[in-house]
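Q: Given the structure of chain D, go ahead and fit chain C onto it with the hints provided.
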Amino acid sequence: MTSSTYSICGMCAVRCPIRVEVRDGEVTWIEGNSNDPGMGTSLCAKGIAGRALLYDHERLQYPMIRDGERGSGKWKQVSWDEAYDYITSKLKDIMAKHGGKAIMLSDRGGPFADMRKAFLKALGSPNYCNHDCTCGRNTHHASKSVYGLGRTGLGYDFKNAKHIVLFGRNMVESFKVKEVKAFMQAVKNGAKVTYIDPRAALTASKSTRYWQIRPGTDYALLLSMVNVILKRGLYDKQFVKKYVTGLSELNKFISGYTPKWAEKETGIPADEIVQFCKEVSADKPHVIFHPGWHLSRYTDSFYASRMIHILNCLMGNIEVPGGQFFPKTPKDAGYKGLKSLGADIPKVDEKRADGCGWKYKRFDGGPGLLQLMYEVIDTGEPYPVKAYFIVRHDPLLAMPDPEEQKRILNKLDLIVVVDVNYSESFGFADVVLPESTYLERDTIMRTDKGLKPGFSRRKKAIEPIYDTKAGWQIWTELAQRLGKGEYFPYKSIEDIWNYQLQDTGLKIEDFEEKGFVQLSSKPIWYDRDKLKFPTESGKIEFVSKKFEEEGIPSFKPYEPPKKPSEGEFRLLFGRTGYQTHGQTTNNPIISELMGTNCLWINKEAAERLGISDGQEVELVNNGISGKITARLTDFIHPEAVFMLHGYGRTIPFQTRAYKKGLADQAFMKGLLKVWDKAGGSIALCESFVKVMPA
Amino acid sequence: MSNYFVEQDLTLCIGCLACEAACKDKNSVPEGAFYCKMIPVGPRMIGNIPVVQHVYMACFHCERPWCVDACPTGAMQRRPEDGIVFVEEDLCVGCKACMKACPWGVPQWNADTGKVGKCDLCKDRVDQGLSPACVTKCTTGALKFVTPGEASLKRRKEFAEEMVKGA
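From first to last, the protein sequence lines stand for chains D and C.
Here this note's numbering is used: the first residue of the first sequence is 193, the next is one more, and so on.
Here this note's numbering is used: the first residue of the second sequence is 750, the next is one more, and so on.
List of simulated lysine-lysine pairs, DSS-like, C-alpha gap at most 25 Å:
(1) Lys786/C <-> Lys852/D
(2) Lys903/C <-> Lys380/D
(3) Lys706/D <-> Lys652/D
(4) Lys384/D <-> Lys429/D
(5) Lys906/C <-> Lys354/D
(6) Lys644/D <-> Lys523/D
(7) Lys351/D <-> Lys906/C
(8) Lys914/C <-> Lys351/D
(9) Lys370/D <-> Lys786/C
(10) Lys914/C <-> Lys380/D
(11) Lys714/D <-> Lys368/D
(12) Lys284/D <-> Lys268/D
(13) Lys914/C <-> Lys384/D
(14) Lys351/D <-> Lys903/C
(15) Lys893/C <-> Lys380/D
(16) Lys598/D <-> Lys861/D
(17) Lys906/C <-> Lys384/D
(18) Lys786/C <-> Lys368/D
(19) Lys893/C <-> Lys368/D
(20) Lys893/C <-> Lys370/D
(21) Lys368/D <-> Lys384/D
(22) Lys914/C <-> Lys470/D
(23) Lys724/D <-> Lys523/D
(24) Lys289/D <-> Lys676/D
(25) Lys731/D <-> Lys553/D
Over 10 Å on every C-beta distance to chain C, these chain D residues come out as not near it, computed from the model:
(26) Lys289
(27) Trp550
(28) Gly818
Quick caveat, the hints were computed from the structure, so don't treat them as lab data.
Positions of the beta carbon are idealized from the N, C-alpha and C atoms, including for glycine.
Isolated chain D (complex conformation) (with noise of 0.2 Å):
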């Protein structure tokens, strides 16, 4: 007998709808969720590799506590109660001598972080992080620089746009499967597709003009673009006087950056600068500039992304097909939102340790700055923070430099891990809480933004395998064992669903049918006539008054990167299509596809240190230093070398991942305070490292 369940992925953070066939008790089958026509029944190899993880043994399967010093690698099996009481006594005296807000939890965000928000709320504690300072948060701030409004504050119709324009945005490689199906639609309507980057990743295959960039000179590009749009009266005029405020200082600003200016940072021709000028100009409104998605890379990174972001304002792309939208709430379709979990806890007081959101007023205090914690925990200023949830996160994976990390994570009382896999962090755990796979567990409601807004559910395919449990058991269970069951009075998710569900008028059988319920059938617009910015004037702001009283000036003058000397190159790094970062390398299927990794260097200058193609070089960085397979290539930038990320790793019992290749992280060193100071995020691509023969 084969049963069907409708439910969400969890294989990477993108989280599509998906359909799991189970038949006697055994997942059998996952596909797409057609029931979206944008997924069809389309799955990324990731997505496919979940049957590989719910039945690989090497994964978390039951509760542990570390049986020697941290990171001796030694532990011992324990009963969720032994390991609940482990953690509630630690937590207990923390709690009594530094009070809730030495508690702090990181995450990788997302739909379901809002229970986890809800537990740290309910111990009195405000610092709750995720992962963002690797990964969006210049593009976010940036974007709030502009528009007011966060990173996914605007959404792109790719499908329907004549120009799409990526900075190092891999597309068709960091991909999410609804969005790179409209994107290839779009490359096979004859879309132009311009992509920069330093080295062709696929998607450069995939565009109708490459450009290798020199690494770090992205802004300088984007200046010359503006200075030619602006000079040539290239943008559209009617939107942005209609829209923009601030157009006179950029104009005052822009004027010494010219193509032939550009031309020697960046290696690109002038000329070339001003025809795609005219080409995108030509093709406005149904023009996207991509603002980057994983954009912790350099330290003006933050300001390269805010030129995107006026790029896309001087091409009037905001609210029309092919450009960007407002992605539309359920407010936009009539009906109330998800009730929060936290909403009836009470209100802290304390402020951030990290400083975001009072002492950085830029920075908002939503996430927070991870790498300001390890601040935090290292100075115990502005108040010591001694327990660290780590879920589902894996800081010592996703961020640099993991000895220096461990130097300071090892001034901490307590160190709780909850994940699926054995993550590197795991391994520097003092207790760890296995949770269900996504197939195994059932999940909070989740809103879905869009042109046709609405909910969607990840339900449950199976029972758990091995001792695990979801993530809600394991925030209501301790959060009860800490006298806050008053605001965890779960018993099951349906007592949550219903919660949530309250004000939307909607029932929880509602999903059955889809996995998702649509609150509009036809996708909701904006009269664009009538556009609100969440600014201070209601307008887009080329001028930040918010950033600027912070000493951050709306726009910075442009400095040269760092030259590499001989034998030196920059360290880049970057995904496949067919790894989650770092969270699938030793999944049955996916180490088939990339069992390691190799590092991509320039053939004329790996030929100058006598480096030949597929020979083993050794790679070094202020004391830290591996062997890796050289891959020698005309498409990198002979001034970077390029590794993908989630190799090297160092937990035994991943077998198949243990020790195979080099991890990019912990070549970086020092970067845990090198970022971006006017956008937040970590700049990692400012180490380099000295390339020999081994």
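A: Relative to chain D, chain C alone:
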């Protein structure tokens, strides 16, 4: 040629290997074996663009398969009703004659069982009126499960449209 054809649109294909993963998952393909495989060709410069094309290589399900002729035990067979070439595992003795015979390296070695396995177009799905796993889950819809006639018609249609567009 069987009654079916997996057609690949190289423009839409992004080399994401969902097809390989889907095949491995569906057919419990042993470690080291790939019933379908994407072979990356490139990057090579086409105009000013560095192009990598991922070419889908599974089985052609030949009209007169070399592998079937070579098989001494009758394990390698061709379904008379639709031409799907498949291995009946019970009959395979692991002699590898099919692997030597196939000009395209299609039959795969299963080190666990000492037998050969290969693409059978997910015939159990085909029999239910469904497409093979690789086609069903293809991320961008680059793979299509069609009859040779449909493939030809589609190609002609595309060419005709292109021709008229140019005129």
